[in-house]
Amino acid sequence: MVIRESAEMYLETILVLSKEGAVRSIDVAKSLNFSRPSVSVTLHNLEKEGYISIAEDQSITLLTKGLDIAKTIYERHTILTEFFEQL
0 MVIRESAEMY
10 LETILVLSKE
20 GAVRSIDVAK
30 SLNFSRPSVS
40 VTLHNLEKEG
50 YISIAEDQSI
60 TLLTKGLDIA
70 KTIYERHTIL
80 TEFFEQL
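The opening residue of the sequence shown carries number 0 in numbering that gives the first Met the number 0; numbering runs sequentially from there.
Quick caveat, the hints were computed from the structure, so don't treat them as lab data.
Quick reminder that beta carbons are idealized off the backbone N, C-alpha and C, glycines included.
One thing to keep in mind: the hints can contain errors.
[Claimed, not checked] Quick list of the computed label-pair ranges, beta carbon to beta carbon: (1) S5 to L62: 16 to 22 Å; (2) S30 to E55: 21 to 27 Å; (3) E48 to T80: 24 to 30 Å; (4) S52 to L86: 38 to 44 Å.
Could you put the whole structure together from the sequences, leaning on the hints where they help?
This is how it looks when you write it as C-alpha coordinates:
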(Lines of atoms letter the chains of each structure in order from A and count residues from 1; the text may use other names and numbers.)
(Lines give C-alpha, C1' and ligand atoms only; values in the text may rest on other atoms or scores of the structure.)
Protein backbone atom coordinates (compact mmCIF):
# COMPACT_ATOMS: atom_id res chain seq x y z
CA MET A 1 0.00 0.00 0.00
CA VAL A 2 1.42 3.37 -1.03
CA ILE A 3 0.46 6.45 0.93
CA ARG A 4 1.86 9.92 0.51
CA GLU A 5 4.03 11.46 3.17
CA SER A 6 1.53 14.28 3.68
CA ALA A 7 -1.24 11.76 4.37
CA GLU A 8 1.01 10.01 6.88
CA MET A 9 1.55 13.35 8.61
CA TYR A 10 -2.20 13.94 8.86
CA LEU A 11 -2.84 10.44 10.21
CA GLU A 12 -0.08 10.75 12.81
CA THR A 13 -1.40 14.17 13.86
CA ILE A 14 -4.91 12.77 14.29
CA LEU A 15 -3.49 9.93 16.40
CA VAL A 16 -1.59 12.31 18.68
CA LEU A 17 -4.51 14.72 19.01
CA SER A 18 -6.93 11.87 19.75
CA LYS A 19 -5.00 11.12 22.95
CA GLU A 20 -6.34 14.45 24.26
CA GLY A 21 -9.97 13.89 23.23
CA ALA A 22 -12.17 14.40 20.19
CA VAL A 23 -10.39 15.62 17.06
CA ARG A 24 -11.89 18.12 14.61
CA SER A 25 -10.48 19.57 11.43
CA ILE A 26 -9.71 22.87 13.17
CA ASP A 27 -7.52 20.97 15.64
CA VAL A 28 -5.59 19.37 12.78
CA ALA A 29 -5.24 22.72 11.00
CA LYS A 30 -3.90 24.42 14.14
CA SER A 31 -1.53 21.57 14.94
CA LEU A 32 -0.05 21.49 11.43
CA ASN A 33 -0.31 25.26 10.93
CA PHE A 34 -2.22 24.71 7.67
CA SER A 35 -5.27 26.54 6.37
CA ARG A 36 -8.66 25.11 7.29
CA PRO A 37 -9.75 24.75 3.64
CA SER A 38 -6.68 22.71 2.65
CA VAL A 39 -7.05 20.52 5.74
CA SER A 40 -10.72 19.97 4.93
CA VAL A 41 -9.91 18.81 1.39
CA THR A 42 -7.22 16.41 2.58
CA LEU A 43 -9.40 15.00 5.36
CA HIS A 44 -12.24 14.33 2.94
CA ASN A 45 -9.79 12.54 0.63
CA LEU A 46 -8.55 10.43 3.55
CA GLU A 47 -12.16 9.62 4.37
CA LYS A 48 -12.87 8.56 0.77
CA GLU A 49 -9.78 6.34 0.85
CA GLY A 50 -10.98 4.63 4.04
CA TYR A 51 -8.35 5.94 6.46
CA ILE A 52 -10.62 8.07 8.64
CA SER A 53 -14.27 8.62 9.44
CA ILE A 54 -15.79 12.06 9.85
CA ALA A 55 -18.94 12.02 11.99
CA GLU A 56 -21.92 14.36 11.68
CA ASP A 57 -20.52 16.40 14.58
CA GLN A 58 -17.30 16.75 12.51
CA SER A 59 -15.25 14.62 14.90
CA ILE A 60 -12.56 12.57 13.18
CA THR A 61 -11.83 8.94 13.95
CA LEU A 62 -9.02 6.82 12.57
CA LEU A 63 -10.30 3.66 10.92
CA THR A 64 -8.28 0.44 11.18
CA LYS A 65 -6.31 1.12 8.01
CA GLY A 66 -5.49 4.68 9.11
CA LEU A 67 -4.77 3.69 12.69
CA ASP A 68 -2.25 1.04 11.61
CA ILE A 69 -0.37 3.55 9.47
CA ALA A 70 -0.52 6.28 12.13
CA LYS A 71 0.86 3.94 14.81
CA THR A 72 3.70 2.82 12.53
CA ILE A 73 4.68 6.40 11.70
CA TYR A 74 4.39 7.49 15.34
CA GLU A 75 6.57 4.60 16.53
CA ARG A 76 9.16 5.35 13.83
CA HIS A 77 9.29 9.02 14.85
CA THR A 78 9.53 8.09 18.53
CA ILE A 79 12.45 5.72 17.90
CA LEU A 80 14.27 8.29 15.77
CA THR A 81 13.70 11.03 18.33
CA GLU A 82 15.05 8.86 21.14
CA PHE A 83 18.06 7.88 19.02
CA PHE A 84 18.98 11.46 18.16
CA GLU A 85 18.47 12.64 21.74
CA GLN A 86 21.11 10.13 22.85
CA LEU A 87 23.76 11.49 20.47
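### Query
Which numbered hints are broken by the structure, listed smallest first?
none
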